[in-house]
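Novice: Chain residues, written in single-letter form:
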Amino acid sequence: MQVFIAQILNGLSIGSVYMLLATAFNLLLLVAMIIHFSYPQVVVFCMYIIWLVLKITNNNVFFGILAGVCSAILFNIVSAPLFQKIMKNREEVDINATMVLSMAIGWIITDVLSHAFNNGLPIQFPEEITGSKPLFRVGLISILPGQVLALSIGIIVVAGFFILLYKTKTGRAFRAIAEDPAGAKLVGIPLVKTGFQSYALSGALGGLTAVLLIMLFHSASPGLGEQVSHKVLAVSIVAGLGNLVGGLVVGLALGILEALVQGYISGNWSNAIAFVVMLVVILVKPRGLFGVKV
Amino acid sequence: MPLSLYYFLSITAVNILMSWALYVPYRVTQLHFITIANMMISGYLAGYLVLHAHVPFVWALLIGFAVGGIIGFIVSLFIGDAPTFSVVIVGFTSIYITRTLVENLPIIGGTMGMFGLPNIGGNPGTHRWIILCILYGLVILCGFLIYRFDHSSIGRAASAVFVDKELASSLGIDIKKLGMLLQTFSCTLAGGVGVLYGFIYRSFHLDFFSFALIGVFMTVLFVGGYSTQWGPLIAAPILYGLPLFFPPEVQSWRIVIYGLLLILVLELKPEGFITRKFVHSLGLSFSQKREKEIYIKEEKQ
Chain A
1 MQVFIAQILN GLSIGSVYML LATAFNLLLL VAMIIHFSYP QVVVFCMYII WLVLKITNNN
61 VFFGILAGVC SAILFNIVSA PLFQKIMKNR EEVDINATMV LSMAIGWIIT DVLSHAFNNG
121 LPIQFPEEIT GSKPLFRVGL ISILPGQVLA LSIGIIVVAG FFILLYKTKT GRAFRAIAED
181 PAGAKLVGIP LVKTGFQSYA LSGALGGLTA VLLIMLFHSA SPGLGEQVSH KVLAVSIVAG
241 LGNLVGGLVV GLALGILEAL VQGYISGNWS NAIAFVVMLV VILVKPRGLF GVKV
Chain B
1 MPLSLYYFLS ITAVNILMSW ALYVPYRVTQ LHFITIANMM ISGYLAGYLV LHAHVPFVWA
61 LLIGFAVGGI IGFIVSLFIG DAPTFSVVIV GFTSIYITRT LVENLPIIGG TMGMFGLPNI
121 GGNPGTHRWI ILCILYGLVI LCGFLIYRFD HSSIGRAASA VFVDKELASS LGIDIKKLGM
181 LLQTFSCTLA GGVGVLYGFI YRSFHLDFFS FALIGVFMTV LFVGGYSTQW GPLIAAPILY
241 GLPLFFPPEV QSWRIVIYGL LLILVLELKP EGFITRKFVH SLGLSFSQKR EKEIYIKEEK
301 Q
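Going down the list, the sequences are from chains A and B.
Counting along the first sequence from 1, when you hit position 35 you're at 35 in the numbering used here, and nothing is skipped either side.
Counting along the second sequence from 1, when you hit position 269 you're at 269 in the numbering used here, and nothing is skipped either side.
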């Protein structure tokens, strides 16, 4: 029973990270109309930036986090014109082409990380940012600060995101574009400006997620982004592409599933089993459990 | 034959064939990355059969093709008409699952890989010639089949699906059946190429089937041009050959170069370098030239 509870706690914290990533991914999909497949790779890139800044500033956590969030926002805004150009080229939104472009960005990030940082070896984060000492421990159950923060920040950020979406003018613009881009343009919503806002917002979410991933994993490797991006795309498809609520549910469920498999099955089968489950769902329901919203 | 030339020729052929394996289902907007998993499954299976069960290479190769086709057909029953992103993620998840299986099966070498595959034909020289003959025979055969497909009514149906699925459906095209056909062909091809890929090096290792491989095939397809079969055929030797002239420290950044090239092409020439229009105008100018030559000949006579 203790293993079960411990793994559920682990699963909830990892699940909240998937939840954040899926939310940002869906935001870009709905508002900017791109499949930013390599978005999690951008997040891992920010983890490396945080590692670099921590190294330079002698483990100053504030500067590290600031650099992580700023670099994520900057990266997203700088890459936005590339996606916009593709859409302009084709005279209509071509989601497949944006996915291929995003994949290319992802390969570049992964290859740069494996060549230019730490000789391609995994990086370890200092205790100043990971907070490795458990807050609470009973038998096998221990609660780490990273887990508490991941879950609480996950819930707060997602709640804040939904308030923004449903209670503010910007949120209404986001929803209008997601519902009907042509109609939104007709009533005077600036598509490009709102699109850029979604890039900036998803960048900020990405920076925060990078910090949470550091607190949960304590390390990062160049291949981490690829693995997470495949999971996030799978979560979004299983949930139904563009379905925000579905993304939250499936993200949390994936985290719990992975943690339970890790708790009860030895070796490196946890990823494979999670992928088998998602593969079966996608094969049976290629348009997702909760319905596609794009 | 020098080893470097052998590797250049054989890997170029693999790149052409695998880019075609992506090109065919992309005719109905499906990026079918399960082909990489199929390469792995058929390759390792054939390697095991040859090495441990002493099955002749030819049979192992045929089994590789068949296994690839069967997997492709079964999967296509579910995703024959699925949206692009679903097909993409089915491919990625299949690669992960297959990699984990290979890692955890000591009988096929696990993380260490499978080494010591025999020379076909007895000695290394003959082995290389046989592999090259099979690979380029396959390039000619597949090239012919894809050419016939592109110029058939099914090819035109695929073009209609690429432009507008709903319109194609209202014209009576069975999108699912078409998708199933193309996916099965693509997976069959990938299965056989997977076997040959391992026999080029006479070994199988997980690193041969990394996600970077998708990057290479995608770059060949999109830079060459995804709207005709000629794009990958022209781009594969250039894209594989050019980096070989770079200094080793630049060569190790090959994937970054490919990624940048792909981004540039998507931005500046979205259909790639060899487009249908280009092929058509080239054919037209050749036929006009020929007509002129015939006219001049007749005039002289």
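Careful, some of the hints might be misleading.
[Stated by the list, open to error] The calculated DSSO-like cross-link candidates involving lysine-lysine, where the alpha carbons are at most 27 Å apart (straight line), are:
| hint | chain 1 | residue 1 | chain 2 | residue 2 |
| --- | --- | --- | --- | --- |
| 1 | B | Lys269 | B | Lys165 |
| 2 | B | Lys300 | B | Lys289 |
| 3 | B | Lys289 | B | Lys165 |
| 4 | A | Lys285 | B | Lys176 |
| 5 | B | Lys277 | A | Lys185 |
| 6 | A | Lys85 | B | Lys292 |
| 7 | B | Lys177 | B | Lys165 |
| 8 | B | Lys300 | B | Lys277 |
| 9 | A | Lys193 | A | Lys169 |
| 10 | A | Lys285 | B | Lys177 |
| 11 | A | Lys193 | A | Lys85 |
| 12 | B | Lys277 | B | Lys289 |
| 13 | A | Lys133 | A | Lys167 |
| 14 | A | Lys185 | A | Lys167 |
| 15 | B | Lys289 | A | Lys85 |
| 16 | A | Lys285 | B | Lys165 |
| 17 | B | Lys177 | A | Lys85 |
| 18 | A | Lys169 | A | Lys185 |
| 19 | A | Lys185 | A | Lys85 |
| 20 | B | Lys176 | B | Lys165 |
| 21 | A | Lys133 | A | Lys55 |
No wet-lab data here; the hints were simulated from the structure.
Given the structure is predicted, the values throughout are model-derived calculations rather than measurements.
Novice: Does each hint fit the structure? Answer for all of them.
Specialist: Do the hints match the structure? See the list:
{"no.": "1", "hint": "Lys269(B) - Lys165(B)", "verdict": "holds (24 Å)"}
{"no.": "2", "hint": "Lys300(B) - Lys289(B)", "verdict": "holds (17 Å)"}
{"no.": "3", "hint": "Lys289(B) - Lys165(B)", "verdict": "violated (39 Å)"}
{"no.": "4", "hint": "Lys285(A) - Lys176(B)", "verdict": "holds (15 Å)"}
{"no.": "5", "hint": "Lys277(B) - Lys185(A)", "verdict": "violated (34 Å)"}
{"no.": "6", "hint": "Lys85(A) - Lys292(B)", "verdict": "violated (43 Å)"}
{"no.": "7", "hint": "Lys177(B) - Lys165(B)", "verdict": "holds (13 Å)"}
{"no.": "8", "hint": "Lys300(B) - Lys277(B)", "verdict": "violated (34 Å)"}
{"no.": "9", "hint": "Lys193(A) - Lys169(A)", "verdict": "holds (13 Å)"}
{"no.": "10", "hint": "Lys285(A) - Lys177(B)", "verdict": "holds (18 Å)"}
{"no.": "11", "hint": "Lys193(A) - Lys85(A)", "verdict": "holds (15 Å)"}
{"no.": "12", "hint": "Lys277(B) - Lys289(B)", "verdict": "holds (18 Å)"}
{"no.": "13", "hint": "Lys133(A) - Lys167(A)", "verdict": "violated (39 Å)"}
{"no.": "14", "hint": "Lys185(A) - Lys167(A)", "verdict": "holds (20 Å)"}
{"no.": "15", "hint": "Lys289(B) - Lys85(A)", "verdict": "violated (38 Å)"}
{"no.": "16", "hint": "Lys285(A) - Lys165(B)", "verdict": "holds (19 Å)"}
{"no.": "17", "hint": "Lys177(B) - Lys85(A)", "verdict": "violated (35 Å)"}
{"no.": "18", "hint": "Lys169(A) - Lys185(A)", "verdict": "holds (15 Å)"}
{"no.": "19", "hint": "Lys185(A) - Lys85(A)", "verdict": "holds (18 Å)"}
{"no.": "20", "hint": "Lys176(B) - Lys165(B)", "verdict": "holds (11 Å)"}
{"no.": "21", "hint": "Lys133(A) - Lys55(A)", "verdict": "holds (21 Å)"}
Violation of the numbered hints given earlier is confined to hints 3, 5, 6, 8, 13, 15, 17; the remaining hints are satisfied by the structure.
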